[in-house]
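Peer 1: Protein chains in written order, with numbering that gives the first Met the number 0: chain A, 0 to 139; chain B, 0 to 143.
Worth double-checking, as some hints may not be accurate.
Unchecked claim - Once the Cα atoms are required to be at most 20 Å apart in a straight line, the calculated PhoX-like pairs of lysine-lysine come out as:
{"hint": "1", "chain 1": "B", "residue 1": "K93", "chain 2": "B", "residue 2": "K129"}
{"hint": "2", "chain 1": "B", "residue 1": "K111", "chain 2": "A", "residue 2": "K90"}
{"hint": "3", "chain 1": "A", "residue 1": "K90", "chain 2": "B", "residue 2": "K110"}
{"hint": "4", "chain 1": "A", "residue 1": "K117", "chain 2": "A", "residue 2": "K103"}
{"hint": "5", "chain 1": "A", "residue 1": "K107", "chain 2": "A", "residue 2": "K90"}
{"hint": "6", "chain 1": "B", "residue 1": "K7", "chain 2": "B", "residue 2": "K45"}
Hints in this document: simulated from the structure, not taken from any laboratory.
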Amino acid sequence: MTDRLDFEKIAVGQELAPIEKYMTQEKINAYIDAAEDFNPIHVDPEYAKNTVFKSTIAPGYQFIAYLSELMARDFGEKWITGGGMELRLIKPVFPKDTVTVGAKVVEKNEEDNRTSIKCDVWIKNQDDKNIVVGYTTVTY
Amino acid sequence: MNLSEFSKGMAFPEYSYTLSEDIIRNFLAGVEEDNPLYTNEGYARKSSFGCLVVPPTTISLYVTPSRVLKTIGKKTPPGLIQAGQRYEFLRPIKVGDTVTVKAVVEDVVQKKGRDFVTIRGEAYNPDGQKAAVSAITVIWPPQS
């Protein structure tokens, strides 16, 4: 974990340090055990072989959590008491995919002792294709 | 459950969910996260929360189409795929807390020949305060 951002110095255009993740079937299974959401497209290779993806895929909310990890790393408690996200999922994540999670500050507003920061965020796969795009907000 | 059984604004019975240590451990293994706010008791005690809290996206463990439909005795069809996600995080939820969830169908739309259903769930902490909101959009598989 890196040091938190210096909130005074956060500036529009600044990129947050990216995170890289490697997906495995074991991690999918651990997540599904916690969610108890046994959709066969995530956990049943035989079923998944006959789908359009020809393979199991990670549940969306599993890799979306990587964005929360990045935001919590840099904004700490503020993310938990004033965070927001809006995302579109574009492509699946397969076991053995490596994804990169990034964010860039696009707005910073300070009004009435409240600061709000908006970031464009993304998750890309090893082919540099967008998996997830959207934005996050932090208000404190 | 068939798509035709959904309507915008449809509300589901409230349900509760306990964020046990075991569940959080599996979640953290699945997403490989080790933020000390969630994992280090000494660090968390000195935070503004004063104790370990759960990662905020754990709301996605219990605001799922399958758990929401279970409240009315229905099941999701296999092959549901997530297409969108919105979150609002308002208050910390402690490890071990039981939250109450109020869920509604926020939207049912067809785009480019696909059916999209958005289910929105609000999680309330044991003091009855809204702690987090999750709205998940899924592509509903074509009915056979």
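Peer 1: Would you mind marking each hint as holding or not holding in the structure?
Peer 2: We went through each hint and held it up to the structure:
no.	hint	in the structure
1	B/K93 x B/K129	holds (14 Å)
2	B/K111 x A/K90	holds (17 Å)
3	A/K90 x B/K110	holds (17 Å)
4	A/K117 x A/K103	holds (8 Å)
5	A/K107 x A/K90	violated (30 Å)
6	B/K7 x B/K45	violated (44 Å)
Figure legend: structure checked against the earlier numbered hints; hints not met, in rising order: 5, 6.
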